[in-house]
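Protein sequence lines correspond, in order, to chains A and B. Going letter by letter, the first sequence gives residues 2 to 450 in my numbering. Going letter by letter, the second sequence gives residues -6 to 179 in my numbering.
Rather than coming from a laboratory, the hints here were simulated on the basis of the structure. Take the hints with a grain of salt, since some may be wrong.
Unchecked claim - When the alpha-carbon atoms are kept at most 25 angstroms apart in a straight line, the in silico PhoX-like pairs for lysine-lysine are as follows:
| hint | chain 1 | residue 1 | chain 2 | residue 2 |
| --- | --- | --- | --- | --- |
| 1 | B | Lys101 | B | Lys133 |
| 2 | B | Lys129 | A | Lys162 |
| 3 | B | Lys129 | B | Lys144 |
| 4 | B | Lys144 | A | Lys162 |
| 5 | B | Lys92 | A | Lys34 |
| 6 | B | Lys44 | A | Lys34 |
| 7 | A | Lys251 | A | Lys274 |
| 8 | B | Lys125 | A | Lys162 |
| 9 | A | Lys54 | B | Lys44 |
| 10 | A | Lys359 | A | Lys395 |
| 11 | A | Lys162 | B | Lys165 |
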Amino acid sequence: MKKYWWIVLFITFILVSYAIKQLTVPFSDEILKDIESSITNTNIGLLVMAAVKSVIYESINDLFVYIFAYSFTFYYLKGNKLIYKVILAPILTIVLYTLNMLIHGSITEYAILFFIICCELILLIIFDKHEEYYLSSIFIFIQLNFAFYSLLITTILNDYKVGYRDLITSIKISSDFLGSNTVLNFVSLSLFIPLIIGSILLILLTILYSRRLASEKREKEKERELRLVKSVAEEARIWQELHYLVHDLKSPLMTVSGLTSLIKLQVNNNHIKDYCKKVESAVDNVNDMISEFLNNEKRRITAVEELLKIVRAHVVVKGTEPNCLFEIEKDLPLIKINRIRMARALINVIENAIRAVKDREDPQISVQIYSNQENELIFIVKDNGVGIATEDLKKIWNIEFTTKSSTGGLGMSFVKKVIENHQGEISISSNMGNGTEVMITLPGVKDYE
Amino acid sequence: MVIIILFFVGCQYAANKNLDYTLPHLPYPIAEERALITVAGQGPEGLIVSKMCDQLKISNTYGYNSQTDDLDRRKSLIIVVGVSKIGMDNISTNISEEKKRISDLLAKANDQGIPVIMVYLGKGKRWDEDNKEMLKLVGKDSDYIIAISNKVEEAFFRELANENSIQFTLVKDIQRVKIPLNSVYK
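Isolated chain A (complex conformation) (with noise of 0.2 angstroms):
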């Protein structure tokens, strides 16, 4: 059936011409009657509004024709040359003008079809490359329409062959024996004139209108790259600060070690001793990890148990969140990270999920560590949870993307710096309602290293 769309498309054209002609019918009647009356009478009124009716009638006769060519072209002809538009359109009205003519069984006048076609021109080049104003443009058709089909009307173009029309020329043989030439052109130009304004004007209302939205647009995209440099320079802020601030922490720790040293020198209370032992155990772990927040490079070759270890201790199942299911493969190869940092990556993962399934009646978070045969180690987090929409998926790597109202968007982003700082790869993937997996790929560590 697709593939005959063109002869479906040319049956209802058939149609619907013929349907137009049967069902003006009873109005060209009606304009019949008028024309008599005003011979009858000698009445330039019944005339007129003879006239002015002949107009719509003969509009409404065409002008489906001219919105089908007009719009099949727009359509058909969507994203190509502008020239395959110009040539189609021309091609098109004058055939199915033709056409219809023929169905109707009238005389084919091609004056006023010259102007039509000079409309639909000028109008597919305004609007080329603008769907949006598709039925801005119709509608400045139609009136255009109505404008050039008011000069059938006056007498002033009979020898140009305007107006030939079986009712046209009715009117205008029975004006020549009332001798209303005068008023016939005075209603043509009182009719053409505003509504060939009114078309101008509408068509640089609507230039004006799409060129001020395709300057809130670029104004929109400017303030959008503003914030997303900001917010660039916000984060860069807070890491110097917090570098700052975890730097302090050094020189009180230093102190509770040389304290810690003192007491173990003038003790002799074994306990103490070993608490004291403790405590600069502790001090040392706190400063390894100060060391390794300050330096990202510092890297330290580590087992996957000991990494768990720290994700474990911030993930702390608090009885209402929802269960975390850890399936971690045997005789996993080790990684070279920076321990904190990779930590601080995965918590952030895996609090993601907890937030997804918050809202589930059965809410499940699993993850799944195992290795590969190209030595790399794989963790899966995958929950349950709302899951996130595809145009949402797009954006998540984005620093500003957030969709929650508390945070200010550094999330996956900081996940991803810090997987690729890792040679590592990071993958998301999630059905709107039924939950999401994130993939994570770290590199094992080789013999040599």
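Here the structure of chain A is known, so what remains is to put chain B in place on it, guided by the hints.
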């Protein structure tokens, strides 16, 4: 653009060319009242000619669909040619039926020895094949032809009149039809 300019100039030139001299009106009346007026082709021209006759005080009966019986007791027949498809559709007839009706009327008029006057008001506006055929049909049996014509149509009427040895008057506009029309009766 050149084609358009040539088109407009050509149209203007053709329209402004003067008609050759024709008989301005009949030197003596050829018909008597009362006249039957009908239109060949259902345009409004028949009604216009009837109205003109009323203004000229020429006793007439107008019938847009007059049949042969309507010719009884009429002493002249005026056939106004104006083929209008919408007009014919309006009374559910067609060009063939109209031709037959007009042929019958002409035959009856010929039998009764009634003079036939053909009037054409369409100028170039109704200048299509149907109208030309109707003009030929009526013209060959007419006694006098009155037509509004441009230079373009003039040759046709001249040939039609000469072929059938008919007197004819060509005028430029509808207001000038009254003089030759009046001369038919007065």
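A quick look at each hint next to the structure:
| no. | hint | verdict |
| --- | --- | --- |
| 1 | B/Lys101 - B/Lys133 | holds (15 angstroms) |
| 2 | B/Lys129 - A/Lys162 | holds (24 angstroms) |
| 3 | B/Lys129 - B/Lys144 | holds (18 angstroms) |
| 4 | B/Lys144 - A/Lys162 | holds (15 angstroms) |
| 5 | B/Lys92 - A/Lys34 | holds (24 angstroms) |
| 6 | B/Lys44 - A/Lys34 | holds (16 angstroms) |
| 7 | A/Lys251 - A/Lys274 | holds (23 angstroms) |
| 8 | B/Lys125 - A/Lys162 | holds (18 angstroms) |
| 9 | A/Lys54 - B/Lys44 | holds (24 angstroms) |
| 10 | A/Lys359 - A/Lys395 | holds (24 angstroms) |
| 11 | A/Lys162 - B/Lys165 | holds (17 angstroms) |
The structure shown violates none of the earlier numbered hints.
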